[in-house]
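Colleague: These are the residues of each chain, in order.
There are 2 protein chains.
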Amino acid sequence: MKALQVELGERSYPIHIGSGLLDKPELIRNHIAASQVMVVSNETIAPLYLDRVCDMLSGYEQHSVILPDGEQYKNLDVLNRIFDALLEKRFNRQCTLIALGGGVIGDMTGFAAASYQRGVSFIQLPTTLLAQVDSSVGGKTGVNHRLGKNMIGAFHQPRCVLIDTETLNTLDDRQLAAGIAEVIKYGLIRDTGFFNWLEENIDRLTGRDPEALGHAIERSCINKAEVVAADELESGQRALLNLGHTFGHAIETATGYGTWLHGEAVSTGMAMAADLSARHGWLSGEDALRIRRLLVRAGLPVTPPESMSKTEFMDLMAVDKKVLDRKLRLVLLKSIGEALVTADFRPDLLNETLEHYHQKAS
Amino acid sequence: MKALQVELGERSYPIHIGSGLLDKPELIRNHIAASQVMVVSNETIAPLYLDRVCDMLSGYEQHSVILPDGEQYKNLDVLNRIFDALLEKRFNRQCTLIALGGGVIGDMTGFAAASYQRGVSFIQLPTTLLAQVDSSVGGKTGVNHRLGKNMIGAFHQPRCVLIDTETLNTLDDRQLAAGIAEVIKYGLIRDTGFFNWLEENIDRLTGRDPEALGHAIERSCINKAEVVAADELESGQRALLNLGHTFGHAIETATGYGTWLHGEAVSTGMAMAADLSARHGWLSGEDALRIRRLLVRAGLPVTPPESMSKTEFMDLMAVDKKVLDRKLRLVLLKSIGEALVTADFRPDLLNETLEHYHQKAS
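Residue numbers (this note's numbering), protein chains in the order written: chain A, 33 to 394; chain B, 33 to 394.
Hints should not be assumed to be uniformly reliable.
One copy or two, it doesn't matter: identical chains are merged, so the pair holds either way.
[What the hints assert, rightly or not] Straight-line C-alpha distance at most 25 Å; calculated BS3-like pairs for lysine-lysine:
| id | residue 1 | residue 2 |
| --- | --- | --- |
| 1 | Lys121 | Lys359 |
| 2 | Lys354 | Lys342 |
| 3 | Lys56 | Lys359 |
| 4 | Lys56 | Lys366 |
| 5 | Lys392 | Lys121 |
| 6 | Lys354 | Lys121 |
| 7 | Lys359 | Lys34 |
| 8 | Lys366 | Lys354 |
| 9 | Lys56 | Lys34 |
| 10 | Lys354 | Lys392 |
| 11 | Lys392 | Lys56 |
| 12 | Lys366 | Lys121 |
| 13 | Lys392 | Lys34 |
| 14 | Lys342 | Lys121 |
| 15 | Lys34 | Lys354 |
| 16 | Lys392 | Lys342 |
| 17 | Lys342 | Lys359 |
| 18 | Lys342 | Lys56 |
| 19 | Lys121 | Lys34 |
In case anyone wonders, no lab produced these hints; they're calculated from the structure.
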């Protein structure tokens, strides 16, 4: 078992990574302040792990709320079901929420915790690779709006993140690949050595080699924890974690949440960002190709849906949270292992990238 | 014109109080960081003041969203209309929201600002006495849930509060009285001198004497700013501001939001809290009577609705945000000018108070 720490002063918290951690109650019980605990999960995950989590919580006044599974349910209406459950059970301000599931469950539970009675505690038990390497760490919580992804939310840090790598055994291949997209992201934006390791070990990851997965999760969490500690509220470098996300969110919004997995959209977005970076001469054409090849080897898509026009991309990207005084800012690559956030890209080259990918798709 | 300051370090902000301040754009323009401004108001207030506010904002990219008027619309569905407007107009993270209206508009606009893109700026332009003396100051934002009032929200401080006392000219008598309830509250919990002044000047307030109203607003805001500066997140003394609110929220929830005005419910709640305090021998019977008499002179109700049984009160009070480890805590009075938050009240005496008021009502 490994333990990392997200250093945020009073709001610091541990990330535990290991096999079988859902049988180690002491790791989470220390972080529960009072008697009331609400587990939030979904219809896919609850049948697999809810009993074990309830066992860990024996002695507490525990309840659960089970939401439908999928990004299309990450909205204010479904969020309200968590509030219904909390109020029906008369949960007070000292209660603790526990997110048991992937990124959607983690983001919604976190936002419910941020907003219930103006803020209560929560704990993350991520069960997908994507949630384990990215969304469960760092305190970004929220829901989607039909006009934009993650547009309603809060920064609210968990008290603890418990990553039981055994939960990946029940994850399907498509979900596993979606998680690998965010793993590759860390290599691209700040960890050249990790990118090289991924090129050598990608088949072990897709083949679910436990040691390789454990290493990839740990290295991803170390990278994430460092970035979050340096810039909790995304006033600077944290935005680099959004490599591929501006293109990706546009794909998710355009296709209807839940059609593309978040990691799949990010994979395509990273390929597009690499293409645009290469057109600027910042990234070599060879490196753009290496990136594309690694994503494809991970089983990920690298081409946006045929239906999306250039105009639709531009319209949807215009509501991105990184937009500053009406100027779109993008995360682009200087090299493999070095990214920047910039509004100073050439619009004609962005146009070329969108054109190129639209032709590729059709 | 008077200016106070809410001292919260980096999050400090001014409260400007005076007549005709809606014609002083410089007071708010300093607090708008970038070009996009969204004014949130309601169908009653917008026809009266929206044009003047728009004039103050000339040169900005300004839009407005007009919500229906009333506490029954303070919910997640109506909140979503603010997000719709922000996203349709492609508002970015540097935008500013402006709340033009009473407590409902202020609370909802503040929560929209807290949650839109995980947090943007907002400014309060309160137009009711209740909002001017209480809800616009201190950063409590949120919406109601059918099972409990203000159960979903955030602490999010405004950048500035601008109180134009002329807006009270368009306030009806019932709304004015509702605001006076919160004014009386400050006298009761921490300002004996102010309570004495109110006993002498209550007719000037109900008669809308501008000087008396100005003084009452200023003294209320001074009290509120001191309490908030000392305890922003309500870990201690800020809870005293909830005198009468546990009983009052139960009345509002039971009768359906919008039937009773918030200040009316608080008035009745304060009378009940005074009664219960007197039954404990903490407050003299004479002082409980003085309180009741002042509320009645202000034109406020002091008896709960006949329809509410003891059981309904107890059920609804059990979800109060002050509940700690299943124990109800109430704000009670030691004397006029001194309050305490306590779980150590006698349940039999609470029973007597509820019984007494139920008989009174029927």
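Colleague: Decide, hint by hint, whether the structure agrees.
Modeller: Results for each hint:
Proximity of Lys121 and Lys359 under a CA criterion of 25 Å is satisfied inter-copy only: 14 Å between copies versus 46 Å inside one chain copy. Proximity of Lys354 and Lys342 under a CA criterion of 25 Å is satisfied intra-copy only: 19 Å inside one chain copy versus 53 Å between copies. Taking CA atoms no more than 25 Å apart as the test, Lys56 paired with Lys359 passes in neither setting, with 48 Å inside one copy and 31 Å between copies. Neither within a single protomer nor between protomers do Lys56 and Lys366 lie at most 25 Å apart by alpha-carbon distance, with minima of 43 Å and 49 Å respectively.
Proximity of Lys392 and Lys121 under a CA criterion of 25 Å is satisfied in neither setting, with 53 Å inside one chain copy and 32 Å between copies. Taking identical chains as interchangeable, the C-alpha atoms of Lys354 and Lys121 lie at most 25 Å apart only when they sit on different chains, with a minimum of 16 Å there against 39 Å within one chain. Taking the closest pair of Cα atoms, Lys359 and Lys34 never come within 25 Å of each other, the shortest separation being 42 Å inside a single copy and 39 Å across copies. When the C-alpha separation of Lys366 and Lys354 is checked against a cutoff of 25 Å, the pair qualifies only within one copy, where the shortest distance is 19 Å, while the shortest distance between copies is 53 Å.
Taking CA atoms no more than 25 Å apart as the test, Lys56 paired with Lys34 passes inside one copy only; the shortest distance there is 13 Å, against 59 Å between copies. Taking the shortest alpha-carbon separations for Lys354 and Lys392, neither the intra-copy value of 27 Å nor the inter-copy value of 59 Å comes in at or below 25 Å. When the C-alpha separation of Lys392 and Lys56 is checked against a cutoff of 25 Å, the pair qualifies neither within a copy, at 49 Å, nor between copies, at 57 Å. Within a single copy, Lys366 and Lys121 get their C-alpha atoms no closer than 52 Å, and across copies no closer than 33 Å, so neither meets the 25 Å cut-off.
Taking CA atoms no more than 25 Å apart as the test, Lys392 paired with Lys34 passes in neither setting, with 43 Å inside one copy and 65 Å between copies. Proximity of Lys342 and Lys121 under a CA criterion of 25 Å is satisfied inter-copy only: 20 Å between copies versus 49 Å inside one chain copy. Neither within a single protomer nor between protomers do Lys34 and Lys354 lie at most 25 Å apart by alpha-carbon distance, with minima of 34 Å and 39 Å respectively. When the C-alpha separation of Lys392 and Lys342 is checked against a cutoff of 25 Å, the pair qualifies only within one copy, where the shortest distance is 13 Å, while the shortest distance between copies is 70 Å.
Within a single copy, Lys342 and Lys359 get their C-alpha atoms as close as 17 Å, which meets the 25 Å cut-off; across copies the closest is 59 Å, which misses it. Taking identical chains as interchangeable, the C-alpha atoms of Lys342 and Lys56 are never at most 25 Å apart, the minima being 50 Å within one chain and 45 Å between chains. For the identical chains of this complex, Lys121 and Lys34 are neighbours neither inside a copy (36 Å) nor across copies (46 Å), given an alpha-carbon limit of 25 Å.
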